[in-house]
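Visitor: Going down the list, the sequences are from chains A and B.
Quick note on the working numbering: the first sequence kicks off at 1 and runs consecutively.
Quick note on the working numbering: the second sequence kicks off at 1 and runs consecutively.
It is worth saying that the hints were derived from the structure and are not from the lab.
Glycine included, C-beta positions come from ideal geometry on N, C-alpha and C.
Hints should not be assumed to be uniformly reliable.
To give an idea of the interface, some chain B residues facing chain A are shown, with a C-beta separation under 8 Å as derived from the structure [as the list claims (entries may be wrong)]: (1) Ile-8; (2) Ile-34; (3) Arg-50; (4) Gln-68.
Chain B stretches covered by chain A per the calculated footprint, using a threshold of three residues with CB under 8 Å from any CB of chain A [unchecked claim]: (5) 21 to 30; (6) 35 to 48; (7) 96 to 103.
Partial selection, computed: residues in chain A whose CB lies under 7 Å from chain B [stated by the list, open to error]: (8) Ala-13; (9) Asn-88; (10) Leu-101; (11) Pro-159; (12) Ala-162; (13) Val-163.
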Amino acid sequence: MVGAQDIVFWVLAVVSIAAALGVVVVKDLFRSALLLAVVFIAVAGFFVLLSAEFLAVVQVLIYVGAISVLFIFAIMLTRNVREGNLPNRLQIPAISVSALLLVGMIVAAVNTDWRPIPEAAVEMVDAAQTQAVSGGAGSGSESGSTGIAELLIGQFVLPFEAVSLLLLAALIGGLALARSRGT
Amino acid sequence: MSLESMLIVAAILFAIGLYGALARSNVIAVLMSIEIMFNAVNLTVVAFARYVAPLALREEIGSVLTGQVFAIFVITVAAAEIALGLGIVFAMYRNTESVTLTEANQLRH
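Could you build all of it, start to finish, from the sequences and the hints given here?
Guide: Quick look at the structure:
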């Protein structure tokens, strides 16, 4: 039985893998940046399939909206756009290393008994994840209905603060790096 | 759509990103490949969070979101890394007029 979810999954899989291959193969760096945006959008689609809608929105905002634009800026500001994506001399080692890793990961993914939770529980997880985004309107205030925010500020408050410190450091470092010499 | 198929797609994306990071000579292309790898890892984390993780589901339903919180942290770190990486690329381009990795050898002499 092939449901709509499976069709969407296979379409997204083909699109994301083809676009990712394009990113690393296409010679024109500008086109490869645009293909990278396609990869990001396909991954956002995967997040929607996994009922992680909030992450999909974050993915579109940050990756498609900000990081792709940053990459396009960087490509435009540096020269040799047309022939910028040349391969280096490590083709054969690179291909063999990534192929070996790919085979290892696929074997591990197929052969391991992940003990996935049953379908009914998957539906419960979906409901919880969706509810965490929509705020659980009308269902009373049972624990966890505020979802990601509660986890971020509660259980993961220390990594949250560390990440904010990291962002501050990145901000200052970016300013220091981008400042032109002599001024 | 199952956990295994999702993991395999993420593994293929990761391998493609790894190949790109190892075999390209342009710094910006390498950074883009690293972004593909970040996305593959996020996909894996979220897939695990949906299909495997919630043994604690009965105690607290919010715990199924832990994987998504991890993915948010990964996205944040990736954004910071890209901002700094592109800053370094610009500085390198100002100094050497090039964004080729093999020409970033100013510390060697």
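Visitor: Evaluate each hint against the coordinates.
Guide: Hint check:
1. Ile-8: holds (6 Å)
2. Ile-34: Violated. Min distance 11 Å.
3. Arg-50: Holds, about 5 Å.
4. Gln-68: holds (5 Å)
5. 21 to 30: holds (count 7)
6. 35 to 48: holds (count 7)
7. 96 to 103: With 4 residues close enough to chain A, the hint holds.
8. Ala-13: With Cβ-Cβ at 5 Å, under 7 Å, it holds.
9. Asn-88: holds (4 Å)
10. Leu-101: Status holds, d = 6 Å.
11. Pro-159: Because about 6 Å separates Pro-159(A) from the closest Cβ in chain B, which is inside the 7 Å limit, the hint holds.
12. Ala-162: violated (9 Å)
13. Val-163: holds (5 Å)
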